[in-house]
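A.B. asks: Could you put the whole structure together from the sequences, leaning on the hints where they help?
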Amino acid sequence: MKSILLTSLAALLGVALVPQADAPSAVKDSVATLHDAKTLKAELTVRKIAGGSVEKETLEYGKDGMFKIETPSSLAVSDGKTVWVLDKAKNTYTEGPANLDRTKNVDVWAYASFFNAEALKGVKGYVDKSVKTIRGVSVHEFQLTLENDKPATIYLDTKTNLPRGYVNDEYLILAPTVTSSKDAADTKDFAFTAPEGAKKEAAPAAGSASFADVKKILVDACVSCHSDRGAKAGLSVESYDSIMKKVTPGNAEGSSLYRSVSGARPKMPRGGDPLTKDQLATIAAWINAGAKNE
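Numbered according to my numbering, the sequence shown spans residues 1 to 294.
Incorrect hints may have been included.
Said to hold, decoys possible - Cross-link-like lysine-lysine pairs, in silico, DSSO-like; alpha carbons within 27 Å at most:
| hint | residue 1 | residue 2 |
| --- | --- | --- |
| 1 | Lys182 | Lys41 |
| 2 | Lys48 | Lys267 |
| 3 | Lys159 | Lys124 |
| 4 | Lys104 | Lys28 |
| 5 | Lys267 | Lys90 |
| 6 | Lys28 | Lys124 |
| 7 | Lys159 | Lys38 |
| 8 | Lys246 | Lys150 |
| 9 | Lys215 | Lys267 |
| 10 | Lys246 | Lys232 |
| 11 | Lys48 | Lys246 |
| 12 | Lys56 | Lys38 |
| 13 | Lys159 | Lys28 |
| 14 | Lys150 | Lys132 |
| 15 | Lys121 | Lys132 |
In short, the hints are calculated from the structure, not lab data.
Only a predicted model underlies this, so the values are computations on that prediction, with no experimental measurement involved.
C.D. replies: Structural data, given as structure tokens:
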């Protein structure tokens, strides 16, 4: 399946998609199936297109804002009133008012319609490719033009209407197992218990950082590679417009800029010291507050 999806991605990057006024019926059916379900469970495999090991993730969703998303490095849990995010490597966690930010991240984006029937509203175009069988599962392939004009591919199970795979320019995500139910979720499944010895940290407050704060951090750490004169990977940290190409306003964890400098093994700054906890909190707070140029 990996080779098929990578081939599809290569073809995708060379195809000009024509925006359509409406989603295809199969996509509408998938959105309806997800949004009408009371519970959703999936096992995912996530791999970076550029290379790297495959990571396994699990997600469990319930209505009224309940979710549990676990990766090898993190656990995010919401009971609909409070959201907890655990950093497994540091054995620290944050606690804050319930929100659905984590459910919008790229690794679980294909299932966002469970909570929001308008989650795909920003998709600008669809190309209906074909129905194919992958690992014994019949799937319908659609190529998308996303809101940011980037390409992606989604694979929908022809029997259940549930997403079985999703590919964008960064990740290849597969769902070997995914099920939905009309039965209400058990609230006990969305309780959070901190691991032994885990330390609670303050969650960054939205709106507590400005673009000037963020720009200073990025310029100090990254300008040697990402300046107006030498913008590697198309990024200049001296330009708001350039930075915004790597940012999803309101969603730090879903922004490639933040992901590249955070986590247990940050990719950037290459050859330099990792950003500090306070610097990461500043960037996250700015993005989550809307990433405004002020």
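A.B. asks: Each hint: holds or not?
C.D. replies: Verification of the supplied hints:
Note on lysine 182 and lysine 41: the hinted pairing holds, with a Cα-Cα distance of about 12 Å set against a maximum of 27 Å. Distance check on the hinted pair: lysine 48 and lysine 267 sit about 13 Å apart at the alpha-carbon level, within 27 Å; holds. Of the pairs offered as hints, the one joining lysine 159 and lysine 124 holds, with about 26 Å between alpha carbons and a cut-off of 27 Å not exceeded. For the hint pairing lysine 104 with lysine 28, the CA-to-CA distance comes to about 19 Å; that is within 27 Å, so the pair holds.
Note on lysine 267 and lysine 90: the hinted pairing holds, with a Cα-Cα distance of about 18 Å set against a maximum of 27 Å. With a C-alpha separation of about 15 Å, the suggested pairing of lysine 28 with lysine 124 holds against the 27 Å cut-off. Between lysine 159 and lysine 38, the direct Cα distance comes to roughly 18 Å. Compliance with the 27 Å bound is thereby established for this hinted pair. The straight-line distance between the Cα atoms of lysine 246 and lysine 150 is roughly 12 Å, inside the 27 Å bound, and the hint therefore holds.
With a CA separation close to 19 Å, the supplied pair lysine 215 and lysine 267 stays within the 27 Å bound. As the CA atoms of lysine 246 and lysine 232 are separated by approximately 13 Å, the hinted pair is consistent with the 27 Å bound. The hinted pair formed by lysine 48 and lysine 246 meets the criterion: a straight-line CA distance of about 16 Å does not exceed 27 Å. For a cut-off of 27 Å, the pair hint linking lysine 56 to lysine 38 stands: about 24 Å separates their Cα positions.
Under the criterion of a C-alpha separation no larger than 27 Å, the hint pairing lysine 159 with lysine 28 is consistent with the structure, at around 14 Å. At most 27 Å may separate the alpha-carbon atoms for a hinted pair to count; lysine 150 and lysine 132 meet this at roughly 24 Å. Simply put, lysine 121 and lysine 132 have alpha-carbon atoms about 26 Å apart, close enough for the 27 Å limit, and the pair holds.
Going through the hint list in order, the structure satisfies each hint without exception.
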